[in-house]
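Peer 1: Given the coordinates of chain F, assemble chain V onto it according to the supplied hints.
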Amino acid sequence: MSSIVSYGSYIPRYRIRSEEIAKEWGENPENIKNGLLIYSKSVPGPDEDVLTISAEAAKNALRRSSIDKKTIGAIYVGSESHPYAVKPTSSILVEALGLPYDIHSADYEFACKAGTAAMQNVMGMVDSGMIENGIAIGSDTSQGAPGDALEYSASAGGTAIIIGKEGFADINRTYSFTTDTPDFWRREGEKYPSHGGRFTGEPAYFKHVITAAKRMMEMQSTKPEDYDYAVFHQPNGKFPTRAAKMLGFKDEQVKDGLLTPYIGNTYSSSMIIGLSAILDKAKSGDRILAVAFGSGAGSDAFDITVNDRIKNLRRENSPGVMEQVNRPIWLDYATYVKFRGKIIMRGA
Amino acid sequence: MRDVYIIGAGTTKFGELWDSSLRELASEAGLKALMDAGIYAEDIDALYGANTSGGQFVDQEQVAALIADYSGISELNIPSIRIEAGSASGGAALLQAFLAVKSGQYETVAVGGVEKMTDVPSEVANEIIGGSLDAEWETFFGATEASLAAMVAKRHEYDTGVKREDYAQFPVIAHKHGSMNETSHFRNVIKIEDVLKAPFVSEPLTVFDTAPISDGASALIISADKKKIKNAEHPLRIKSSTAANDFLSLHDRKSIDRFGAVRKSTKSALELAGLEVGKVDVFEIHDSYSIAGLIQMEEILGKEAIRMTRDGEFYYNSSHPVNVSGGLKAHGNPLGASGVYQAVEAVLQLRGNAGTRQVKNAENIMIHNMGGLGTTSVTSIIGVD
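Protein sequence lines correspond, in order, to chains F and V.
Residue numbering for the first sequence follows this note's numbering, beginning at 3 and increasing consecutively.
Residue numbering for the second sequence follows this note's numbering, beginning at -8 and increasing consecutively.
So that you can see chain F by itself, here it is in the shape it has in the complex (with noise of 0.2 Å):
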């Protein structure tokens, strides 16, 4: 069986507070606050990309094991804002993180869940003997067009996780449930995705988070009460507290991987950077039950158990998610749209 091996995320220290944004458009802070449960959101900095959010997001998880680099057999990085159409992250990563030539890598897409379908890629391969060790990266700086409900909540950063067999995390069984539901899109060219408003509730995220949770749970014979720790994609606060709510799991099982209020909506890292916020606490012998969405649609779920190698594990060497969540640099709107790019410069 394939385990975590090691883990660590990256998120971008600048933020913007909900009500700094609303202040520009004329809205309700309080109707984004309470309505959407989003505080503030992560930003990038002018200088940071999915590339170099997914390389400290990778080293971060590098320094926590001391598995060899040579082990390291595939790299895969799942992401809806690559800094290229043409031209892989994955390749440039192998060289940035020091890995061997002879890995395979690829760059993958699959709206918010790109992260955890290459997660469930590296498991194959070191299920299957292909590689001994294998690295999938959920990496994001999305996108919101000025004035949508999507720029309180498109925010950046990364989580990468080291799957192999020795890890001190058994996934004890993954499933996905994938249809063609159009929630959300962004075709080639737009500098924009386009959603669709109230079809991405029902139809969309809560169909699909719901019916991976309870097939996994059926397929497993749980129920809620036999996880420690829940964690669902997390688009903005609102959708995975009611999605917890409906399929019975209480609020302590879940706050623990609930970012997005203070960080927005890390797309690709979204789900998984809620599960690194929980694996930077959880003990042996811990189940956690990982549910992420995908607009398009599609849910992956994992059941995971913490075993007892959790103990070599040096969560030390790297930042914890709290500890990066907690070392804001707070933005003004027209600083967050110069870094953001929103600005016709001269030249441009």
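Please keep in mind that the hints were generated in silico from the structure rather than gathered at the bench.
Check the hints yourself; a few may be wrong.
[Said to hold, decoys possible] Straight-line Cα separation of at most 27 Å, BS3-like style, residue types lysine-lysine; simulated pairs:
{"#": "1", "chain 1": "V", "residue 1": "Lys93", "chain 2": "V", "residue 2": "Lys255"}
{"#": "2", "chain 1": "V", "residue 1": "Lys188", "chain 2": "F", "residue 2": "Lys25"}
{"#": "3", "chain 1": "F", "residue 1": "Lys252", "chain 2": "F", "residue 2": "Lys285"}
{"#": "4", "chain 1": "V", "residue 1": "Lys294", "chain 2": "V", "residue 2": "Lys258"}
{"#": "5", "chain 1": "F", "residue 1": "Lys240", "chain 2": "V", "residue 2": "Lys188"}
{"#": "6", "chain 1": "F", "residue 1": "Lys216", "chain 2": "F", "residue 2": "Lys240"}
{"#": "7", "chain 1": "V", "residue 1": "Lys154", "chain 2": "F", "residue 2": "Lys240"}
{"#": "8", "chain 1": "F", "residue 1": "Lys209", "chain 2": "V", "residue 2": "Lys145"}
{"#": "9", "chain 1": "F", "residue 1": "Lys257", "chain 2": "F", "residue 2": "Lys71"}
{"#": "10", "chain 1": "V", "residue 1": "Lys23", "chain 2": "V", "residue 2": "Lys219"}
{"#": "11", "chain 1": "F", "residue 1": "Lys25", "chain 2": "F", "residue 2": "Lys35"}
{"#": "12", "chain 1": "F", "residue 1": "Lys35", "chain 2": "V", "residue 2": "Lys182"}
{"#": "13", "chain 1": "V", "residue 1": "Lys182", "chain 2": "V", "residue 2": "Lys258"}
{"#": "14", "chain 1": "F", "residue 1": "Lys252", "chain 2": "F", "residue 2": "Lys216"}
{"#": "15", "chain 1": "V", "residue 1": "Lys154", "chain 2": "V", "residue 2": "Lys294"}
{"#": "16", "chain 1": "F", "residue 1": "Lys313", "chain 2": "F", "residue 2": "Lys285"}
{"#": "17", "chain 1": "F", "residue 1": "Lys25", "chain 2": "F", "residue 2": "Lys193"}
{"#": "18", "chain 1": "F", "residue 1": "Lys89", "chain 2": "F", "residue 2": "Lys340"}
{"#": "19", "chain 1": "V", "residue 1": "Lys182", "chain 2": "F", "residue 2": "Lys247"}
{"#": "20", "chain 1": "V", "residue 1": "Lys294", "chain 2": "V", "residue 2": "Lys145"}
{"#": "21", "chain 1": "V", "residue 1": "Lys217", "chain 2": "V", "residue 2": "Lys23"}
{"#": "22", "chain 1": "F", "residue 1": "Lys313", "chain 2": "F", "residue 2": "Lys167"}
{"#": "23", "chain 1": "F", "residue 1": "Lys247", "chain 2": "V", "residue 2": "Lys351"}
{"#": "24", "chain 1": "V", "residue 1": "Lys145", "chain 2": "F", "residue 2": "Lys25"}
{"#": "25", "chain 1": "F", "residue 1": "Lys193", "chain 2": "F", "residue 2": "Lys71"}
{"#": "26", "chain 1": "F", "residue 1": "Lys35", "chain 2": "V", "residue 2": "Lys188"}
{"#": "27", "chain 1": "F", "residue 1": "Lys257", "chain 2": "F", "residue 2": "Lys247"}
[Said to hold, decoys possible] For each label pair, taking beta carbons as the anchor points, the in silico distance ranges come out as:
{"#": "28", "chain 1": "V", "residue 1": "Leu67", "chain 2": "F", "residue 2": "Glu26", "range": "53 to 63 Å"}
{"#": "29", "chain 1": "F", "residue 1": "Gly47", "chain 2": "V", "residue 2": "Arg178", "range": "42 to 52 Å"}
{"#": "30", "chain 1": "F", "residue 1": "Lys72", "chain 2": "V", "residue 2": "Glu114", "range": "48 to 58 Å"}
{"#": "31", "chain 1": "F", "residue 1": "Gly287", "chain 2": "V", "residue 2": "Pro112", "range": "42 to 52 Å"}
{"#": "32", "chain 1": "V", "residue 1": "Ile72", "chain 2": "F", "residue 2": "Arg348", "range": "56 to 66 Å"}
{"#": "33", "chain 1": "F", "residue 1": "Gly191", "chain 2": "V", "residue 2": "Pro190", "range": "30 to 40 Å"}
{"#": "34", "chain 1": "F", "residue 1": "Trp187", "chain 2": "V", "residue 2": "Ile183", "range": "33 to 43 Å"}
{"#": "35", "chain 1": "V", "residue 1": "Ser65", "chain 2": "F", "residue 2": "Glu21", "range": "35 to 45 Å"}
[As the list claims (entries may be wrong)] Examples of chain V residues toward chain F, derived with CB under 8 Å:
{"#": "36", "residue": "Thr109"}
{"#": "37", "residue": "Ser113"}
{"#": "38", "residue": "Gly133"}
{"#": "39", "residue": "Pro190"}
Small disclaimer: the values here were computed from a predicted structure and weren't measured.
Glycine is no exception: its CB is placed at the ideal position from the N, C-alpha and C atoms.
Peer 2: Leaving out everything else, chain V in the frame of chain F:
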């Protein structure tokens, strides 16, 4: 002239019906109405299809031909005519069908109303709704229907001393009634604070002051065929159906917070039916905006309507039940279907089939469907003989 009856009625649920297309909704409602009337599609002489903006919502014009096609009656070659009068399309289709049967041209006709609104994002839907305004003198300058309704509300407060809390009662009443209707878009009960504290659509109106964007379809079978009327389980007579219009642009009217067309069509509907307003047991009105609901009731009942709103007299179990269906606010507002559903609700009430929201001993029901903010006004009175 001969009497005209509703012999069948059917409706889909209203709401965000993601899995149903325009044609599926239309044929579901149509087939339910046919089954309810106990007749076959071959018995229909003509079809009137109400649809406000299929062309913009789902790229589909010729909606009546589509309905006939998907109801399996195209090979009969019967006339299938689309009626459009903004959000009064449903009421207008009923009026045309009524006149056609009343005149003797046709014996039995189908009236269908359908709108599929949720295939476009809500901001696009709101632009399409704005198509019922004056494109050159209103929408060109940035007006939306909600912003004009907000102006009407402020003017009405200024002119009459009506309070914000007064017209905020209309959504509260609608949701109470809608909670008891299984085909409602919304079935939650709300309080006046919910209306006042909700996000603004256009100040002073909040999202709870406005009817939702809904999908849905409703249909009626109306007939003057004595045999079919006799065979029908519970035929109900259309005692009158009439329409009136006002200036398209609000600024051309003498007063923006008076709906002259509503006053005229409701008055003439009563006259044609030979009824005093006191004989009307239930009012189904066009509460696209809470303020529009109040002004309509003032046009029908006079200034007394303001006091009656405050005193809670518009509830289903009170003296003058208004929008016992849930109205457009809670039952939903799929534009072309809304006016047709008002007649379906009248049928349910008059048959005694309205469940927990049943108004006791109702004999005459006024249904009032409106296009724009009092631009087109269609009133029908449906009752037991």
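Peer 1: Each hint: holds or not?
Peer 2: Hints, one by one, checked against the model:
1. V:Lys93 to V:Lys255: holds (22 Å)
2. V:Lys188 to F:Lys25: Holds: Lys188 (chain V) and Lys25 (chain F) sit about 19 Å apart, inside 27 Å.
3. F:Lys252 to F:Lys285: holds (19 Å)
4. V:Lys294 to V:Lys258: Roughly 15 Å between the alpha carbons, so the hint for Lys294 (chain V) and Lys258 (chain V) holds.
5. F:Lys240 to V:Lys188: Answer holds: Lys240 (chain F) to Lys188 (chain V) is near 19 Å, not above 27 Å.
6. F:Lys216 to F:Lys240: holds (20 Å)
7. V:Lys154 to F:Lys240: Violated, at roughly 34 Å.
8. F:Lys209 to V:Lys145: Cα-Cα ~42 Å, so violated.
9. F:Lys257 to F:Lys71: Judged against 27 Å, a Cα distance of about 34 Å means the pair is violated.
10. V:Lys23 to V:Lys219: holds (16 Å)
11. F:Lys25 to F:Lys35: holds (13 Å)
12. F:Lys35 to V:Lys182: Holds - the C-alpha atoms of Lys182 (chain V) and Lys35 (chain F) are around 22 Å apart, at most 27 Å.
13. V:Lys182 to V:Lys258: violated (33 Å)
14. F:Lys252 to F:Lys216: holds (16 Å)
15. V:Lys154 to V:Lys294: holds (14 Å)
16. F:Lys313 to F:Lys285: Holds: Lys313 (chain F) and Lys285 (chain F) sit about 9 Å apart, inside 27 Å.
17. F:Lys25 to F:Lys193: holds (23 Å)
18. F:Lys89 to F:Lys340: holds (26 Å)
19. V:Lys182 to F:Lys247: holds (25 Å)
20. V:Lys294 to V:Lys145: The given pair, whose Cα atoms are some 17 Å apart, holds under the 27 Å limit.
21. V:Lys217 to V:Lys23: holds (21 Å)
22. F:Lys313 to F:Lys167: holds (16 Å)
23. F:Lys247 to V:Lys351: This hinted pair is violated, its Cα atoms lying about 41 Å apart.
24. V:Lys145 to F:Lys25: holds (25 Å)
25. F:Lys193 to F:Lys71: The given pair, whose Cα atoms are some 37 Å apart, is violated under the 27 Å limit.
26. F:Lys35 to V:Lys188: holds (15 Å)
27. F:Lys257 to F:Lys247: holds (12 Å)
28. V:Leu67 to F:Glu26: 53 to 63 Å: holds (59 Å)
29. F:Gly47 to V:Arg178: 42 to 52 Å: With a Cβ separation near 48 Å, Gly47 (chain F) and Arg178 (chain V) satisfy 42 to 52 Å, so the hint holds.
30. F:Lys72 to V:Glu114: 48 to 58 Å: With a Cβ separation near 54 Å, Lys72 (chain F) and Glu114 (chain V) satisfy 48 to 58 Å, so the hint holds.
31. F:Gly287 to V:Pro112: 42 to 52 Å: Taking Cβ atoms as reference, Gly287 (chain F) and Pro112 (chain V) lie about 47 Å apart, which means the hint holds.
32. V:Ile72 to F:Arg348: 56 to 66 Å: Distance hint for Ile72 (chain V), Arg348 (chain F) holds at roughly 59 Å.
33. F:Gly191 to V:Pro190: 30 to 40 Å: holds (34 Å)
34. F:Trp187 to V:Ile183: 33 to 43 Å: holds (40 Å)
35. V:Ser65 to F:Glu21: 35 to 45 Å: The hinted range 35 to 45 Å is violated for Ser65 (chain V) and Glu21 (chain F), with Cβ atoms some 58 Å apart.
36. Thr109: With a minimum Cβ separation of about 7 Å from chain F (threshold 8 Å), the hint on Thr109 (chain V) holds.
37. Ser113: holds (5 Å)
38. Gly133: violated (14 Å)
39. Pro190: This hint holds: Pro190 (chain V) lies near chain F, its Cβ roughly 5 Å from the closest one there, short of 8 Å.
Hint compliance for this structure: hints 7, 8, 9, 13, 23, 25, 35, 38 are broken, all remaining hints hold.
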